[in-house]
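A.B. asks: Chains as they are written, first to last, in this note's numbering: chain A, 187 to 445; chain X, 82 to 495.
Hints are computed from structural coordinates only; laboratory data are not their basis. Take the hints with a grain of salt, since some may be wrong.
Stretches of chain X that chain A covers, calculated by requiring three or more beta carbons in the stretch to come under 8 Å of a beta carbon on chain A [claimed, not checked]:
no.	segment
1	120–127
2	137–146
3	269–278
Okay, the calculated beta carbon distance ranges per label pair [what the hints assert, rightly or not]:
no.	chain 1	residue 1	chain 2	residue 2	range
4	A	Arg323	X	Arg490	49 to 59 Å
5	X	Gly171	A	Glu347	20 to 30 Å
6	X	Phe248	A	Thr443	56 to 66 Å
7	X	Arg226	A	Arg323	48 to 58 Å
Cβ atoms here follow ideal geometry from the backbone N, Cα and C, with glycine treated the same way.
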Amino acid sequence: MTRLTTTFAQPRPALVCFITAGDGDTAANLDALVEAGADVIELGMPFTDPMADGPAIQSANLRSLGAGTTTADVLRYATDFRARHPDVPLVLMGYANPMVRRGPEWFAEAAAAAGVDGVICVDIPPEEDDALGPALRAKGIAPIRLATPTTDAARLPQVLEGSEGFLYYVSVAGITGKQQAQIASIEENVARIKKSTNIPVAVGFGVRTPEQAAEIAKVADGVVVGSALVEICGQYGAEAPAHLKTLTAALAEAVHTAR
Amino acid sequence: MNSPNSFSASPPPKANSFRQMPDSRGHFGQFGGRYVAETLMPLVLDLEREYRKAQNDPAFQAEFDDLLEHYVGRPSPLYFAPRLTEELGGAQVWFKRDELNHTGAHKINNCIGQILLAIRMGKTRIIAETGAGQHGVATATVCARFGLPCVIYMGAEDVKRQSPNVFRMKLLGAEVVPVTSGGATLKDAMNEGLRDWVANVHDTFYIIGTAAGPHPYPEMVRNFQSVIGKEARAQMLARTGRLPDLLVAAIGGGSNALGLFHPFLDDPSVKMLGVEAAGHGLDGDEHAASLLGGSPGVLHGNRTYLLQDEDGQITEGHSISAGLDYPGIGPEHAWLKESGRVDYTAVTDEEALDAFQLLCATEGIIPALEPSHAIAAVKKVAPTMPKDSIILANLCGRGDKDIFTVAERLGVEL
Chain A
187 MTRLTTTFAQ PRPALVCFIT AGDGDTAANL DALVEAGADV IELGMPFTDP
237 MADGPAIQSA NLRSLGAGTT TADVLRYATD FRARHPDVPL VLMGYANPMV
287 RRGPEWFAEA AAAAGVDGVI CVDIPPEEDD ALGPALRAKG IAPIRLATPT
337 TDAARLPQVL EGSEGFLYYV SVAGITGKQQ AQIASIEENV ARIKKSTNIP
387 VAVGFGVRTP EQAAEIAKVA DGVVVGSALV EICGQYGAEA PAHLKTLTAA
437 LAEAVHTAR
Chain X
82 MNSPNSFSAS PPPKANSFRQ MPDSRGHFGQ FGGRYVAETL MPLVLDLERE
132 YRKAQNDPAF QAEFDDLLEH YVGRPSPLYF APRLTEELGG AQVWFKRDEL
182 NHTGAHKINN CIGQILLAIR MGKTRIIAET GAGQHGVATA TVCARFGLPC
232 VIYMGAEDVK RQSPNVFRMK LLGAEVVPVT SGGATLKDAM NEGLRDWVAN
282 VHDTFYIIGT AAGPHPYPEM VRNFQSVIGK EARAQMLART GRLPDLLVAA
332 IGGGSNALGL FHPFLDDPSV KMLGVEAAGH GLDGDEHAAS LLGGSPGVLH
382 GNRTYLLQDE DGQITEGHSI SAGLDYPGIG PEHAWLKESG RVDYTAVTDE
432 EALDAFQLLC ATEGIIPALE PSHAIAAVKK VAPTMPKDSI ILANLCGRGD
482 KDIFTVAERL GVEL
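One chain only, chain X, in its complex shape:
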């Protein structure tokens, strides 16, 4: 049988392709790039060279495929959701079940790829940042699997809010460092990760958790996550004989959405919808919608849309989902928005909570709060589409980690 990543169902890029970004300097139009301190620049260039070599090395691909199949559990199922479809009364709703991966989210796909690269480069120490803790858990997991020491930077506020994931990381052997600088959340954890990296460049590999940061991270993370879309495209063709009409995915940094979207970008009949976190609403400051409520700027190694004030000071994002409350977004999304290929919308905390409960009740699946945002968007758009049309949404994480947050919001004491 085919190994997961060798699904070659997406056609080669066309002349006017949306799949040939970034350019050789890591730019997606005006976005992306390598805005890092000089100390890191040689490292970032070295990483790009090594990644190019790995891309062309069948042995690297084979090991990646093997781990995704036998360790992560890929390919993840493509699932038709009959009761949700009936409830919404419009388009057929299908889910790519990446919440069934080992560690419960899509994050592991990228971590497998990056740790194999770290080992190729002879690095002996791994660092990562984490917000909700999903990327931290996935990083700690691959570090345990390959026997490398691992330091996870996590905002002190998030350490408090996400204690089960902190314990998971510790069980897996990681050192979790609470970050107290700034607002003590994800962006501050990323600052601290960059500070560690700059001081330990000789032996340390930084596993960035989303499709952001300096080139080649946005491209590399997207490519590792593209297994999602490659599988989904082949599975959908095999099951229905056609492509979906609409893809929907939640966006924090944007790696699960790019993973799903990218293999379909040159299929003109397939529309795409990225869903940002509107928090308490886009009218105020309490949201995490960088594309819909932010403006272009430079942070954490790339030019992209940011939440910022008129002086370029970064403002804190808010979302019920700790995985979405980052004040930036991957640069490829900024470019896809400006090119018009992908549409973007946002849903509020309340809408995400409703969608969370709807999926529990109709399909027996407890989703994470991140994909609950995608489900909330599906809930709005499905009824407006014909019954023979197909929506494919990415169920990028399971909700075990979120039951405490949800219980609190529903007024239930655990």
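So here's chain A without its partners, still in its complex pose:
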């Protein structure tokens, strides 16, 4: 079993935590998330043009790039994380251009060497899978796809085909960190997706509080929290780990005991 399948095979729902690489003390921030109970780490690769992100993650991208973060740095954070946390799944999330810049094979090889378990690429839909998917699969890295409220029944099989690791259900048609969808709509859509696939479904976009996370954990295999954590990194800088720990512990408690 891979680290991702082991994690999602647990009887309790998983907490997936996102922060942007290079925004503050990345190693300390990641350790704080893991120590406080995060089950899966999503590490954002900074990009100059984060088209699907709201203000919080946009700012994190700019802070990181402003601090000089390179692709090599991101891979080094991943490598070091893997050495410290051999069993915690680590997923890279980002946009196509930094991933394909040196060729998809180069990226897949480097990510595999860094101990990365999965890759979420926001702007490579199933139609353009050739741009990265085959290279990732060849190296045993899960291409994690996104489904959204606009992914209708006719389209869903195409999204699921070639999806690995888990499916990321984007609960609102919109950008990260904004409004949250009604729980009824999330429940309906997750149920619809789970009828068509055996891979776990994690729900994200707009999840900020333990209460929201608990509601979603009742109906999904995982809950993704990003902007709320990224805002802490932005607000507290070097002091962020303690604050990340507090929020993550509350989220983990809520998610793990939701059912």
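Assemble chain X onto chain A, guided by the hints.
C.D. replies: Same frame as chain A, now just chain X:
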């Protein structure tokens, strides 16, 4: 008389045609495609289906033709420039006068097509991005004409630099949203447009201003702009009995150039030259020449040539012309470059300024800074060609909007 878009003078595509791209997946060779978030993907597919239906609907074509003729003022004239020709001392120089269109540039051709499509699709809200403001003005214009609310995203830096166009858009009823993220210029405005679209997919149509973005935009925008080349080809044949030897057009995203070039792509005797903005020169970082100074990558829905660093981070373009300082280019140009069918060159801010003044002085036409780049290339190449040869350049916009920039560069206080 013929309505403008029904000039059918370009021959049907041949077996080894350059005019049959993109393929069914929206790819121009390795370029193009649909690199968008999943939320937008169903919308983009829906748009393609509706566009195909509209293409085959005579009523859609008829309405497009009628608006181009009676609202935009097409066909635009084909003009022989005698004094410029004499000054340059070589090839005859002709201009396609798209600066005489309503709103003063070629942008309106595409906006008419897209708003008719938006209405067909039942969309009730229009968004667009703009750099210099020309596409924003054209979008605001068609929204006023059809009574649809309109939000224009414009980099905060550009809002400052282009205040007359901001006021024009507001007069036309548009809401202009200054974008402060990133470098606060055109690419950031496009990011913000995509963010709006992804959050309002149910009722909103995104009118993209150039032949870029996810499929079918590059093809669709090219086809709407091809009225330029279709008219020019027929007009040139009618006036001279022959085809031009060389076509020249400026390139930011590349829609005016594709509009002129595309109907001629299968005429082997017609050479073509696309002119990028070299800004302060291709040696440094201060330019906007994606093809000549960039490399392939993925941005804003398509794979194309981009200005980027070794990690794939997008760098800012620079040009004296705000309409050219986008760090990417339409994917069909990337393909035409690699196929060798079209040649590409670049001219500097200084060369464009000189050409701007040359056209004012010789022909009594104040061109926009975008086509001033094309004129600068004509100035270089015309003297090397025989006097019986013909250059046709696209005068894609008029220069009223640029007089402040030019005055500043010439040290004149207005």
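A.B. asks: Should the hint that A:Arg323 and X:Arg490 are 49 to 59 Å apart at their CB atoms be regarded as holding?
C.D. replies: holds (54 Å)
A.B. asks: Are there three or more residues in the segment 120–127 of chain X whose C-beta lies within less than 8 Å of some C-beta in chain A?
C.D. replies: With 5 residues in contact (Cβ-Cβ under 8 Å with chain A), the coverage given for the segment 120–127 of chain X holds.
A.B. asks: For the segment 137–146 of chain X, does the count of residues with a C-beta closer than 8 Å to a C-beta of chain A reach 3?
C.D. replies: violated (count 0)
A.B. asks: Cut-off 8 Å, C-beta pairs, minimum 3 residues; does the coverage of the segment 269–278 of chain X by chain A stand?
C.D. replies: The restraint on the segment 269–278 of chain X holds, since 4 of its residues have a Cβ under 8 Å from chain A and three suffice.
A.B. asks: Within 48 to 58 Å or not, the Cβ separation of X:Arg226 and A:Arg323?
C.D. replies: holds (50 Å)
A.B. asks: With respect to the beta-carbon atoms only, verify the hint that X:Gly171 and A:Glu347 lie 20 to 30 Å apart.
C.D. replies: Violated, at about 59 Å.
A.B. asks: Look at the Cβ atoms of X:Phe248 and A:Thr443 and judge whether their distance stays inside 56 to 66 Å.
C.D. replies: holds (58 Å)
Violated hints, listed in ascending order, are 2, 5; each of the other numbered hints is respected by the structure.
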